[in-house]
Amino acid sequence: MTDQLSYPDVVTWAVPFFMAAILAELFWIVIKGRGGRYETRDALTSLVMGAGNVGSGLLLGFIAYGFFMALWQITPLDLGTAWWVVLLCFVLDDLRYYWVHRFGHRIRWVWASHVNHHSSQHYNLTTALRQTWTGTFTFMMLVRAPLILLGFHPAMVLFCGGLNLIYQFWIHTEAIGKMPRWFEAVMNTPSHHRVHHGRNARYLDANYAGVFIVWDKMFGTFVPELEAERPDYGLVRNLGTFNPVRVAFHEWVGIFRDVIQPGLTWRERLMYCLAPPGWSHDGSRDTSEAIKRKHLSRNPQDAGTPGFPAPPDGPVQN
Amino acid sequence: MPLAVLLPLVVAGIAGIAVLTYLLGLSRPAVLADTAAARAAWCREFPDDAPRRVVLSHDRHAALVETATGSGIVWPMGADTTARYLSGARITRTATGLRVDLPDYTAPRIHLALDDDEARRWPTLMEASA
Ligand SMILES: [Zn+2]
Ligand SMILES: [Zn+2]
Chain A
617 MTDQLSYPDV VTWAVPFFMA AILAELFWIV IKGRGGRYET RDALTSLVMG
667 AGNVGSGLLL GFIAYGFFMA LWQITPLDLG TAWWVVLLCF VLDDLRYYWV
717 HRFGHRIRWV WASHVNHHSS QHYNLTTALR QTWTGTFTFM MLVRAPLILL
767 GFHPAMVLFC GGLNLIYQFW IHTEAIGKMP RWFEAVMNTP SHHRVHHGRN
817 ARYLDANYAG VFIVWDKMFG TFVPELEAER PDYGLVRNLG TFNPVRVAFH
867 EWVGIFRDVI QPGLTWRERL MYCLAPPGWS HDGSRDTSEA IKRKHLSRNP
917 QDAGTPGFPA PPDGPVQN
Chain B
240 MPLAVLLPLV VAGIAGIAVL TYLLGLSRPA VLADTAAARA AWCREFPDDA
290 PRRVVLSHDR HAALVETATG SGIVWPMGAD TTARYLSGAR ITRTATGLRV
340 DLPDYTAPRI HLALDDDEAR RWPTLMEASA
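Going down the list, the sequences are from chains A and B. FYI, in the working numbering the residues of the first sequence are 617 to 934. FYI, in the working numbering the residues of the second sequence are 240 to 369.
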């Protein structure tokens, strides 16, 4: 009965709002002389990546949608369209986002798609629009399967996912310091998400939340933004090109080159696809764990502070 | 939103924001204040391999770096910088300095603005330690 359910395509309707907000942030920064930075080619690349993301959705969106509709045909459950169902769907889809995002940083195959969102050394509202072109190839639509099998209509799930993305737009700014305490405690905020974009050893692999920061607190990945350590934005190894095609595909090319190296075992080839970014068969590269370990060997006083594991046996006794 | 509205809106919006940042003077490439800044910019990308020697370009937009592992370049990425080793580099003289082609998909080509003297000297420094 609800097969024909349709919701507005919220992300494209938000485009004029995105542009107005970017202009407002840009003028705020220029007039106040603080609150962030803009640079022409960086902003241009981010915006082109955003447009390409919408384009790839138009071209490839049918794959995920077809998959969801197939699941919808199978499931005997239909939760209907009451407001509280939409609300529940939004919350559960945000949990789905947390895990997809966490996989996006911990599985190189998924990172290959997500990396471009982190490829800017800036952090402003255009960075929010620096989105992947290759999301379909990560197969992360699988993580949405339980929602649809539980009886949430695919159109509702996609509507909630769109709202989730729109929420995340405004948190990509340095113009806002901290929100009120209760808000920082429950919601993802500019402060929490700045940490997520930080390439500092302390801030790697933290704050995967979309809308509700509580998931990071529940699953142990929350790191607060420290007054004493400003996030340094970008990748552990920053790109040397603004070319959107290279930004979109560089990690896929990296995987391909690693996998076809002669002399590897099949397990090693698989690990180059599925292990955390930075894994290598000969230990010549650093994962985030190695980066944190090296940081602690240079700065042992940081052990046990936010973002770093505690020293193994507490204080050394002699 | 119909594509016939979305497409022109997106194209005009992107072009408008890019032109605006340019007119506001937000297109200037990064400047390395001194050799210490160049050293820090290198260590930001390669924290385990500190430079033994740093040569700043005359306009301080780029630096040639020598480490225990080999030589490398620090250069501007817009208002920021990045860095790469020069292993496998092909270096060509251009009208404005040097062009460095790297076997690196994430940094395929670096244009260095150098004066005549630098453009003559840097390739030998690059090779000496590569
Ligand atoms: Zn991320
Ligand atoms: Zn982000």
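Hints are supplied without guarantee of correctness; some may be wrong.
Negatives, chain A to chain B, calculated, CB over 12 Å [stated by the list, open to error]: (1) Phe-643; (2) Ser-662; (3) Phe-683; (4) Pro-796; (5) Ser-807; (6) Glu-845; (7) Gly-856; (8) Thr-857; (9) Arg-883.
Computed spacing ranges between beta-carbons, pair by pair [unchecked claim]: (10) Phe-872(A) with Arg-267(B): 34 to 40 Å; (11) Leu-621(A) with Asp-340(B): 49 to 55 Å; (12) Ala-289(B) with Phe-643(A): 39 to 45 Å; (13) Arg-329(B) with Trp-882(A): 48 to 54 Å; (14) Leu-246(B) with Trp-700(A): 34 to 40 Å; (15) Asp-298(B) with Tyr-783(A): 40 to 46 Å; (16) Gly-793(A) with Met-240(B): 32 to 38 Å; (17) Pro-928(A) with Met-240(B): 35 to 41 Å; (18) Ala-289(B) with Trp-700(A): 40 to 46 Å; (19) Gly-327(B) with Gln-917(A): 23 to 29 Å; (20) Gln-917(A) with Gly-255(B): 47 to 53 Å; (21) Ala-906(A) with Met-240(B): 42 to 48 Å; (22) Ala-926(A) with Gly-255(B): 14 to 20 Å.
Note that these hints are calculated values from the structure, not bench results. The beta-carbon is built from N, C-alpha and C at its ideal position, and this holds for glycine as well.
To see whether the hints hold, each was checked on the structure:
1. Phe-643: violated (9 Å)
2. Ser-662: violated (10 Å)
3. Phe-683: holds (24 Å)
4. Pro-796: holds (31 Å)
5. Ser-807: Its Cβ never comes within 12 Å of chain B, the nearest being 22 Å, so this holds.
6. Glu-845: holds (15 Å)
7. Gly-856: violated (3 Å)
8. Thr-857: violated (6 Å)
9. Arg-883: Nearest chain B Cβ is 25 Å from Arg-883(A), so the label holds.
10. Phe-872(A) with Arg-267(B): 34 to 40 Å: holds (36 Å)
11. Leu-621(A) with Asp-340(B): 49 to 55 Å: holds (54 Å)
12. Ala-289(B) with Phe-643(A): 39 to 45 Å: holds (41 Å)
13. Arg-329(B) with Trp-882(A): 48 to 54 Å: violated (35 Å)
14. Leu-246(B) with Trp-700(A): 34 to 40 Å: The hint (34 to 40 Å, Cβ to Cβ) holds, given that Leu-246(B) and Trp-700(A) are roughly 37 Å apart.
15. Asp-298(B) with Tyr-783(A): 40 to 46 Å: The hint (40 to 46 Å, Cβ to Cβ) holds, given that Asp-298(B) and Tyr-783(A) are roughly 43 Å apart.
16. Gly-793(A) with Met-240(B): 32 to 38 Å: holds (34 Å)
17. Pro-928(A) with Met-240(B): 35 to 41 Å: violated (56 Å)
18. Ala-289(B) with Trp-700(A): 40 to 46 Å: violated (58 Å)
19. Gly-327(B) with Gln-917(A): 23 to 29 Å: violated (39 Å)
20. Gln-917(A) with Gly-255(B): 47 to 53 Å: Check passed, 49 Å falls within 47 to 53 Å.
21. Ala-906(A) with Met-240(B): 42 to 48 Å: Holds, since Ala-906(A) and Met-240(B) (Cβ atoms, about 46 Å apart) stay within the stated range.
22. Ala-926(A) with Gly-255(B): 14 to 20 Å: This hint is violated: roughly 51 Å between Cβ atoms.
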